[in-house]
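Novice: Read in order, the letters of the sequence shown correspond to residues 0 to 291 in numbering that gives the first Met the number 0.
Hints listed in this document are in silico derivations from the structure and should not be mistaken for laboratory results. Predicted model only: the values in this text are computed from it and were never measured. The beta-carbon is built from N, C-alpha and C at its ideal position, and this holds for glycine as well. Don't take each hint at face value.
Claimed, not checked - What follows is a set of in silico ranges between Cβ atoms, one per label pair, in the way DEER data are often shown:
#1 E95 / A22: 15 to 25 Å
#2 G208 / L263: 37 to 47 Å
#3 G258 / L170: 18 to 28 Å
#4 A22 / F202: 33 to 43 Å
#5 A58 / T217: 44 to 54 Å
#6 A21 / A192: 29 to 39 Å
#7 R70 / D161: 16 to 26 Å
#8 I209 / A249: 43 to 53 Å
#9 K207 / A148: 54 to 64 Å
#10 G258 / G281: 25 to 35 Å
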Amino acid sequence: MPDLRPAHDVLPLGTAPRPTSAADLLARLRPVLLDALGPTVQGAERAQIDADLDGADVARLDVDLTGVHVRVGGAPSGATTPGPATSDVEDVRSREDAVLRRLRVDAHPLVVEDVPVDVVAEADGLRFRWVEDGAGGLGVEGVEPDDAAPLAGHVRVAAPRDAIVATARRLVATELQNLGLTLASLDVELESAGPRSVTLRAFARVRKGILSASVRATATAEVDAQMVLTVRDLELSSRNPVVAALLVAARGELAKVEGRQVDLVSDLPPGVRLADVRVDVGETLAVSARFA
Numbered sequence: 000m001p002d003l004r005p006a007h008d009v010l011p012l013g014t015a016p017r018p019t020s021a022a023d024l025l026a027r028l029r030p031v032l033l034d035a036l037g038p039t040v041q042g043a044e045r046a047q048i049d050a051d052l053d054g055a056d057v058a059r060l061d062v063d064l065t066g067v068h069v070r071v072g073g074a075p076s077g078a079t080t081p082g083p084a085t086s087d088v089e090d091v092r093s094r095e096d097a098v099l100r101r102l103r104v105d106a107h108p109l110v111v112e113d114v115p116v117d118v119v120a121e122a123d124g125l126r127f128r129w130v131e132d133g134a135g136g137l138g139v140e141g142v143e144p145d146d147a148a149p150l151a152g153h154v155r156v157a158a159p160r161d162a163i164v165a166t167a168r169r170l171v172a173t174e175l176q177n178l179g180l181t182l183a184s185l186d187v188e189l190e191s192a193g194p195r196s197v198t199l200r201a202f203a204r205v206r207k208g209i210l211s212a213s214v215r216a217t218a219t220a221e222v223d224a225q226m227v228l229t230v231r232d233l234e235l236s237s238r239n240p241v242v243a244a245l246l247v248a249a250r251g252e253l254a255k256v257e258g259r260q261v262d263l264v265s266d267l268p269p270g271v272r273l274a275d276v277r278v279d280v281g282e283t284l285a286v287s288a289r290f291a
């Protein structure tokens, strides 16, 4: 018997029947991609997509976000919520199982604020269903991965270290302003103690009125062989008693994080298995993950 149960979180793709050519599929997908990028993105028209169909299956879907700019600070005033709208379909006329055999996302680079971020992500065997409703509309219903059909793929995100530090400098300056301090200078060192460990050391000089003082900060993030993330060796200090007093609240927040462990495997949903994480620190800071 056909599966005519109500469908949930269906992404609309126009009218039935389902696409039978790559050109038709791309014409339906491009507006969805632009909606997904949302109002915090500039240059969305630079995004490129390409695909191949094989019957009901999508043999490949390539998304290139090179040249797209993302603002982290939020959407412009009056902008709508980003992301394509999904809906529930109560009157399902037909359902057809399908697989997106390979999804690849590239950006060389994607610009986040002022940081050029190089992205390569690939996933295989993503299951979905073509859903036709009683009014003749067509949509896509995603199928969550499970232990029988787990997610397989990899992702690598990389950015120039100097650009990351420059952005960190702006963010720190803003936070210090909230404490009544002015950032005069900030030096940041990033060091890799292994393929899954990064230590940050920062030295800042701050001012409050005519007062000038130094602030030191350290932190280490490490992922062990069992894929458990630990944040440790957090320190925020100043030898100046006035500045040290202003940092009390910030140190209290850091104390909540010190030694905290996050199991990156058990906290993932069924069918998503993190096999490895790597961090490379040099002129470029790169984080990669493999799912299997």
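Novice: Starting from the range 16 to 26 Å, see whether the pair R70 and D161 falls in it by beta-carbon distance.
Specialist: Holds: the Cβ-Cβ distance is about 21 Å, inside 16 to 26 Å.
Novice: Note whether the CB distance of E95 and A22 lies within 15 to 25 Å or breaks it.
Specialist: Once the Cβ atoms are compared, 20 Å apart, the range 15 to 25 Å for A22 and E95 holds.
Novice: Is 54 to 64 Å right for how far apart the beta carbons of K207 and A148 are?
Specialist: holds (58 Å)
Novice: Do the beta carbons of A58 and T217 sit within 44 to 54 Å of each other?
Specialist: 49 Å Cβ-Cβ, so the 44 to 54 Å window holds.
Novice: Is it true that A21 and A192 lie within 29 to 39 Å of each other by Cβ?
Specialist: violated (47 Å)
Novice: Does the hinted range 25 to 35 Å hold for G258 and G281 at CB?
Specialist: The hinted range 25 to 35 Å holds for G258 and G281, with Cβ atoms some 28 Å apart.
Novice: That 33 to 43 Å hint for A22 and F202 (C-beta), does it hold up?
Specialist: violated (57 Å)
Novice: If you check the beta carbons of I209 and A249, does the distance land in 43 to 53 Å?
Specialist: Violated: the Cβ-Cβ distance is about 23 Å, outside 43 to 53 Å.
Novice: Does 37 to 47 Å hold as the CB distance between G208 and L263, or does it fail?
Specialist: holds (45 Å)
Novice: Could you check the hint for me, namely that G258 and L170 are 18 to 28 Å apart, CB to CB?
Specialist: holds (24 Å)
The structure is inconsistent with the numbered hints 4, 6 and 8, although it conforms to all the rest.
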